[in-house]
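2 protein chains.
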Amino acid sequence: MNKIPARHILAICGTALGAFYLGSYAERRQGNNVNENTLKLHLPGLPTFSTVSAATLIPANEVNVSATPSRISQIMKYGFPGLDHVRSHSDYVLSYDRRNRVPHWVFEHLTAQTVAKNDAVDRAKSEFRQDESIHPFFRAQNTDYRRSGYDRGHMAAAGNHRLHQKHCDETFLLSNMAPQVGQGFNRDAWNTLETHVRKLTNVYANVYVCTGPLYLPHKEDDGKMYVKYEVIGTNTVAVPTHFYKVIVGESATDQKLHMEAYVMPNKVISNDTPLSVFQVPPETVERAAGLLFFDQLNKKQLASINGKKV
Amino acid sequence: MNKIPARHILAICGTALGAFYLGSYAERRQGNNVNENTLKLHLPGLPTFSTVSAATLIPANEVNVSATPSRISQIMKYGFPGLDHVRSHSDYVLSYDRRNRVPHWVFEHLTAQTVAKNDAVDRAKSEFRQDESIHPFFRAQNTDYRRSGYDRGHMAAAGNHRLHQKHCDETFLLSNMAPQVGQGFNRDAWNTLETHVRKLTNVYANVYVCTGPLYLPHKEDDGKMYVKYEVIGTNTVAVPTHFYKVIVGESATDQKLHMEAYVMPNKVISNDTPLSVFQVPPETVERAAGLLFFDQLNKKQLASINGKKV
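One line per chain: the protein sequences are A and B, in this order.
Mapping to numbering that gives the first Met the number 0: the first sequence position 63 is 62, numbers consecutive.
Mapping to numbering that gives the first Met the number 0: the second sequence position 19 is 18, numbers consecutive.
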C-alpha cells in the first residue's frame, strides 16, 4: 500500500467529516433556529455523503489504520447524538464531556471481521494514556483513578477493535474511559453486555453501538429528586451512576434494523442476572442522556426494539 | 428601512455565523485532532470575520431586531466557550445543556446604549415561554418550575437588552433560565451582580459577559468528593449549586481589556456581602464549567483581572 502522509490523511478526513457533520446536523435540527438553518446551506468545495450507502463503500480489510471519511460515515451512519468536542479515532468516534472528564457518548460500528480473534493484535500491548487532544484543564489522568477504587472502564470496548493494534491502542485513551466498579461490574455484568454486542455480529452484517454514562436522579427522604455522583482525583473525574448502550443491528438479507437499549447501574451486579433485566425503551436513555440516538434512521426499516416487533 | 424577508436574514446570519463558528473553533483547538484540523481548512464561499474589528462594524441603533452576522460576531468576539446546541438570538448567544435542561453558557455584549432606560421596552410585557427550538425531550416547561420553590432565573438578564421589546422578550425563553433561589439570591445578590455588570458600561465602551451554572463538588463525611444537585419537575431541570459570570470590559481610550470573574452559591446571601467576596480566578470557573472563556483574547491587551494588574 502506498503511504499517505499523516497530515494529508488528516486533511481529507477533516474535510469529509466536516461535511458529514454539517449535513448530519442540518438533517436533525429541531425548530428553526438561526444556527441550524445555517447548516442546511450548501457549502461549496465540501463533499457530501449518502448516509444510506456509506457502509458498503469500503470493505473493512481496506480501511486500514487511519480514519477515512468513509469509515467515519460508516460509524456515524445514523447521525451524531451530539456535537460537543467530537474526536474521530481510526475505529470509533467520541464526544467528550469536558465538565465531567468522561465521554458524553462513544460510537462504534462492528462487523464479524472487526471483532474476530486476531493474533496480531494484543491488548496487553496497549497502555492507558492521557488524551493530549483534550485541554489540560479537562483531561483525566491515570493518577485520578489511582487508589480511587474504580476501574478505568472502556466505553469503546478494546475487544471490539481487533483489526489493527492501533485500533485497539486508541481505545486505551483516558478520554474513552469512565470510572467503573471493577469486580461485579466492569469485569462481570458490563463485560457480559459487551460480549453480547460482539455476538450480534453473528446475526447482523453491521452492528452500530452507542455507549455512554448517565447521572440518574433519585428521590430522597425530603421528597425531592437529586442527582448525586462521586468525583475522583485532582481532575474531579465523574463516577457515573449508570451506563447505557443503544444498539442497532442491520440485517444483510432484508435490510431490516433491530434496536436494543440497555441501562446498567454502576454497581456490583449478580452474575446470574439476565441481560434482559437491563433493557429499557431507547427513549428513556435519550431523555436521561440529553442525546438523540440513531435519529437519521428510516423508521420504516425498524423491525424490532428489544426483541419486540414494532 | 427596507424590509428583508425573515428567511433571507436567517440565511445570511446562518452563513456568517457558520463561518465565524468554524473559524473560532479552529483558532481555539487544542492538540491535533482530526475534526479540529478540519475546521482550519478554508471553506470556499463562506465569509470570515475579523474578530478584532467586528465590534465597531455596525452601530447599535442600526442593528435592529434580527440577529445579523456582525451582531453575532460582536457578541462572540472572543470566541465560543463551547459548541453544544448553540442558539443565536437577536441580542445574545446561548449554548444549551440538554441533559440538565438549562444553559451551558450565555454570552452578551453590552454598551451604555443597550442597557439604557428605554420607555419603549417593558419587561412586564415579556412572558416566560418554552423554547420550541429545543427538542421536546430536553425542553424545560413553566410547569417544571411551578411550586418548586425556585425562581426562573435569567442567565442573559432582561435588563441588559433594552433596545427593542423583542430583545427583552427573547431573554424570557425558558432555555435562558435556570432554577435560582428567589429571595436572597435572584432578587438580591445575583441582581446586584447583574447591576454591577451594567454599570461597567459607564467605564468601558464594550462589556462582554458570559454567564452560566456550575455543579461544584463538596467533601462528605466518608472523605470522598461528590457532586449533588436537585432536579425539578417532570423534565428534571437541574438546580445548579452555583452560578458564574466572566466579564471583559474593553476601554475605548487605550484598547486595554479588564477581566472580572465571579462565582456565587445558589443560596440566600446576606445583602451586606460585598461583591468582591465572590471574585475568583477565571481559570477556576473554566475548570469547573468545562469551558474556556475569552480564549481568543490577545493576552497583551489584558490589563487587569479582578482589579489587579496582570
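By construction, these hints were calculated from the structure, which means they are not laboratory data.
Hints are not guaranteed to be accurate.
One copy or two, either will do: identical chains are not told apart, so a pair holds if it fits within one copy or between any two.
Claimed, not checked - Straight line, CA to CA, 25 Å or less: simulated PhoX-like cross-link-like pairs of lysine-lysine:
1) Lys266 to Lys223
2) Lys218 to Lys299
3) Lys218 to Lys298
4) Lys266 to Lys227
5) Lys308 to Lys223
These figures come from a predicted structure and were not determined experimentally.
Copy assignment of Lys218 with Lys298, given that the CA separation must stay at most 25 Å: Intra 35 Å, inter 47 Å, cutoff 25 Å: neither.
With 25 Å as the alpha-carbon cut-off, assign the pair Lys308 and Lys223 to within, between, both or neither. Result: close neither inside a copy nor across copies, 37 Å intra and 46 Å inter.
If the cut is 25 Å between Cα atoms, do Lys266 and Lys227 qualify within a copy, between copies, both or neither? Answer is both; intra-copy 14 Å and inter-copy 18 Å each pass.
Intra- versus inter-subunit Cα pairing at 25 Å for Lys218 with Lys299: Neither way: Lys218 and Lys299 sit 38 Å apart in one copy and 51 Å across, limit 25 Å.
25 Å Cα cut-off: does Lys266 pair with Lys223 within a copy, between copies, both or neither? both (23 Å within a copy, 17 Å between copies)
Violated hints, in rising order: 2, 3, 5; the structure is consistent with all others.
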